[in-house]
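Colleague: Each chain, written out:
2 protein chains.
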Amino acid sequence: MFLEHEPTKQDIIDAHERIRKQIHHTPILSSTSVNQIAGCKIYFKCENFQKVGAFKFRGASNAILSLGEKVLKDGVATHSSGNHASALALASNMKNVPAYIVMPHTAPQIKKSAVESYGAKIIFCELTLQSREETLAKVVNETSSVFVHPFDNYSVIAGQATCAKEILEELTDLDYIIAPVGGGGLASGSCLSAKYFSNKTRVLGAEPEGADDAFRSLRDNTIYPSVNPKTICDGLLTNLSDKTFNILNKELKEIITVTDEKIIFAMRLIWERMKIIVEPSSAVTLAVVLDNKEIFAGKKICTILTGGNVDLEKYFGM
Amino acid sequence: MFLEHEPTKQDIIDAHERIRKQIHHTPILSSTSVNQIAGCKIYFKCENFQKVGAFKFRGASNAILSLGEKVLKDGVATHSSGNHASALALASNMKNVPAYIVMPHTAPQIKKSAVESYGAKIIFCELTLQSREETLAKVVNETSSVFVHPFDNYSVIAGQATCAKEILEELTDLDYIIAPVGGGGLASGSCLSAKYFSNKTRVLGAEPEGADDAFRSLRDNTIYPSVNPKTICDGLLTNLSDKTFNILNKELKEIITVTDEKIIFAMRLIWERMKIIVEPSSAVTLAVVLDNKEIFAGKKICTILTGGNVDLEKYFGM
Chain R
2 MFLEHEPTKQ
12 DIIDAHERIR
22 KQIHHTPILS
32 STSVNQIAGC
42 KIYFKCENFQ
52 KVGAFKFRGA
62 SNAILSLGEK
72 VLKDGVATHS
82 SGNHASALAL
92 ASNMKNVPAY
102 IVMPHTAPQI
112 KKSAVESYGA
122 KIIFCELTLQ
132 SREETLAKVV
142 NETSSVFVHP
152 FDNYSVIAGQ
162 ATCAKEILEE
172 LTDLDYIIAP
182 VGGGGLASGS
192 CLSAKYFSNK
202 TRVLGAEPEG
212 ADDAFRSLRD
222 NTIYPSVNPK
232 TICDGLLTNL
242 SDKTFNILNK
252 ELKEIITVTD
262 EKIIFAMRLI
272 WERMKIIVEP
282 SSAVTLAVVL
292 DNKEIFAGKK
302 ICTILTGGNV
312 DLEKYFGM
Chain D
2 MFLEHEPTKQ
12 DIIDAHERIR
22 KQIHHTPILS
32 STSVNQIAGC
42 KIYFKCENFQ
52 KVGAFKFRGA
62 SNAILSLGEK
72 VLKDGVATHS
82 SGNHASALAL
92 ASNMKNVPAY
102 IVMPHTAPQI
112 KKSAVESYGA
122 KIIFCELTLQ
132 SREETLAKVV
142 NETSSVFVHP
152 FDNYSVIAGQ
162 ATCAKEILEE
172 LTDLDYIIAP
182 VGGGGLASGS
192 CLSAKYFSNK
202 TRVLGAEPEG
212 ADDAFRSLRD
222 NTIYPSVNPK
232 TICDGLLTNL
242 SDKTFNILNK
252 ELKEIITVTD
262 EKIIFAMRLI
272 WERMKIIVEP
282 SSAVTLAVVL
292 DNKEIFAGKK
302 ICTILTGGNV
312 DLEKYFGM
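Protein chains in written order, with the working numbering: chain R, 2 to 319; chain D, 2 to 319.
In isolation and in its complexed conformation, chain R is listed as follows (with noise of 0.2 Å):
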């Protein structure tokens, strides 16, 4: 069953076991001409190179890994539009489960797709909260599957863990882990992992000015709602949850915003220096770190490029 306890050290180590023969052990690249716009050393965790293009199926494997043949056998259910929902999909795929995806009668052609193409069942919902919710309820109830919430569940978060073990088991002396803060899944593991298996890296949270419910709300400690955020990372429209909160909270060191402005122009960078495909969402974390070039000079850092998953129709579109 998942785990119900913020996870421990071995829990990760776990969750790494269970999980490695069917993730991509993903490469750190790095860029010298970044390095000097940068004036840090600045090292690229290349999640958008993991299956289903992002880092969400280290998390959905994990869940799905953790439960038993006799729980999984009437399959996982999920609301999500974005990676967690062609995640979830694939990892139940591949385990023969059938998968359950609610999402709103709106979401762009490109993404029912590809969940599609994993063999998950799509159930459209209005865009209301309480219409997800309500047509989440009742697909539960009626296929007795089990839900798998996108961040607010530790086996999910310890899943994401992963991904920052694996940097510093490459990266033994990095000064600071960034990381984009959407629910703050990603972000709360990548705290846990630097606590267990790094005594010198901390780990900071970027996240867009037009949906920095986070920021605020470790700042005032309490957990705000995502009130129509206006960004262009579609993968961080979401606010903490219970659980992402509490372990933000304890070990992150804190959250920077930055303007859409200076995130296309970091995604741009990387597009163009880099010659790799980043979402967005991804280009949060380099956009901070030029913006802050005082905090990072001369330091050593670790991005986590969080996904690859952009329409290309506006390129190849004639």
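If you are wondering where the hints come from, they were derived from the structure by calculation, not from laboratory data. Don't take every hint at face value.
List time: in silico PhoX-like cross-link candidates among lysine-lysine, alpha-carbon distance up to 25 Å [as the list claims (entries may be wrong)]:
#1 R:Lys22 with D:Lys301
#2 D:Lys315 with D:Lys231
#3 R:Lys201 with R:Lys254
#4 D:Lys263 with R:Lys315
#5 D:Lys254 with D:Lys300
#6 D:Lys231 with R:Lys315
#7 D:Lys315 with R:Lys315
#8 D:Lys315 with R:Lys263
#9 D:Lys22 with R:Lys42
#10 R:Lys122 with R:Lys139
#11 D:Lys201 with D:Lys42
#12 R:Lys113 with R:Lys96
#13 D:Lys315 with R:Lys231
#14 R:Lys22 with D:Lys42
#15 R:Lys301 with D:Lys22
#16 R:Lys113 with R:Lys231
Pairwise CB distance ranges, derived in the manner of DEER restraints [unchecked claim]:
#17 R:Asp176 with D:Glu5: 49 to 57 Å
#18 R:Ala298 with D:Asp176: 45 to 53 Å
#19 D:Ile38 with R:Asp312: 14 to 22 Å
#20 D:Thr260 with R:Ser132: 45 to 53 Å
#21 R:Ile29 with D:Glu134: 41 to 49 Å
#22 R:Asn222 with D:Ile111: 46 to 54 Å
#23 R:Gln23 with D:Glu5: 48 to 56 Å
#24 D:Lys231 with R:Gly318: 16 to 24 Å
C-beta: ideal position from N, C-alpha, C; glycine also.
Fit chain D to the supplied structure of chain R, relying on the hints for placement.
Modeller: Positioned in the frame of chain R, the structure of chain D alone reads:
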């Protein structure tokens, strides 16, 4: 001085030792979903991650590092508005050697800026072959610099050959290496490395239908000029030279041509599935594989992704 004979096995080994410290040993990537689509096992040698974003840095580096200090003090010169220009500019810069690059005044600003950013001097010419050759001759005469031809130069060919050498050191039982054919420097170097460093692997050339002069030249055993080539592959517009024609004529298995439409499809597939940026000239190899599934079914292939220099204004421009 430059090699004056077709590179031997030892010449390629020496070239690799000579340039090893200043080039990137680029990774070889693969994608389960691309393999499924293609029906064979395809590896991608990522020269888009090479310095200056293209394999050309290997040949330019070997050329410059093959020249003595006395010869080098007056610098090097070439005509190119593409990746060879950037490659020669950077390799010269790393040895503190002046570089003179002749390019048409109509060259895109992005190409001019790249060359200038590496400290080279640009000399503009008219669009005609005559103007280009006269301008180059004048520059060489006035500066006493050494002309480094983009491909009709055995030291350049030996440098490009190190790419296939790295492939064959990592992948021992390949059926084919597929290289794009422009002037033929990479393809002929790849042929030599396959001959020297493998018992089994054959080299295939890939060429756009709209610039199929090399295909016709090898078929008819004569070097045709490239007249009004029509293709999106801006790195594959030139014709073969004596040196590259002679090597390809002896060693290349064959050249297969493919339409631009299929090249664009293959390019998009690489961007979407592999999350890496390649230029159109790089995608011609995958396009050939996808267009000839019966030839490649079940085979083990490595295609060379020659470069990643594309103008991203179309994606990021406002």
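Colleague: Next, verify each hint and record whether it holds.
Modeller: Here is how each hint holds up against the structure:
1. R:Lys22 with D:Lys301: 23 Å, holds
2. D:Lys315 with D:Lys231: 21 Å, holds
3. R:Lys201 with R:Lys254: 12 Å, holds
4. D:Lys263 with R:Lys315: 18 Å, holds
5. D:Lys254 with D:Lys300: Distance of about 15 Å is within 25 Å: holds.
6. D:Lys231 with R:Lys315: 24 Å, holds
7. D:Lys315 with R:Lys315: 8 Å, holds
8. D:Lys315 with R:Lys263: 19 Å, holds
9. D:Lys22 with R:Lys42: 20 Å, holds
10. R:Lys122 with R:Lys139: With a Cα-Cα distance of about 14 Å, the restraint between lysine 122 (chain R) and lysine 139 (chain R) holds, given a limit of 25 Å.
11. D:Lys201 with D:Lys42: 16 Å, holds
12. R:Lys113 with R:Lys96: Cα-Cα ~21 Å, so holds.
13. D:Lys315 with R:Lys231: 24 Å, holds
14. R:Lys22 with D:Lys42: 20 Å, holds
15. R:Lys301 with D:Lys22: 23 Å, holds
16. R:Lys113 with R:Lys231: 23 Å, holds
17. R:Asp176 with D:Glu5: 49 to 57 Å: Given range 49 to 57 Å: holds, Cβ gap about 52 Å.
18. R:Ala298 with D:Asp176: 45 to 53 Å: 51 Å, holds
19. D:Ile38 with R:Asp312: 14 to 22 Å: For isoleucine 38 (chain D) and aspartate 312 (chain R) the Cβ distance comes to about 20 Å; the hint holds.
20. D:Thr260 with R:Ser132: 45 to 53 Å: 47 Å, holds
21. R:Ile29 with D:Glu134: 41 to 49 Å: Holds: the Cβ-Cβ distance is about 46 Å, inside 41 to 49 Å.
22. R:Asn222 with D:Ile111: 46 to 54 Å: At roughly 49 Å between Cβ atoms, isoleucine 111 (chain D) and asparagine 222 (chain R) fall inside 46 to 54 Å, so the hint holds.
23. R:Gln23 with D:Glu5: 48 to 56 Å: 54 Å, holds
24. D:Lys231 with R:Gly318: 16 to 24 Å: 22 Å, holds
Checked against the numbered hints listed earlier, the structure breaks none of them; every hint is satisfied.
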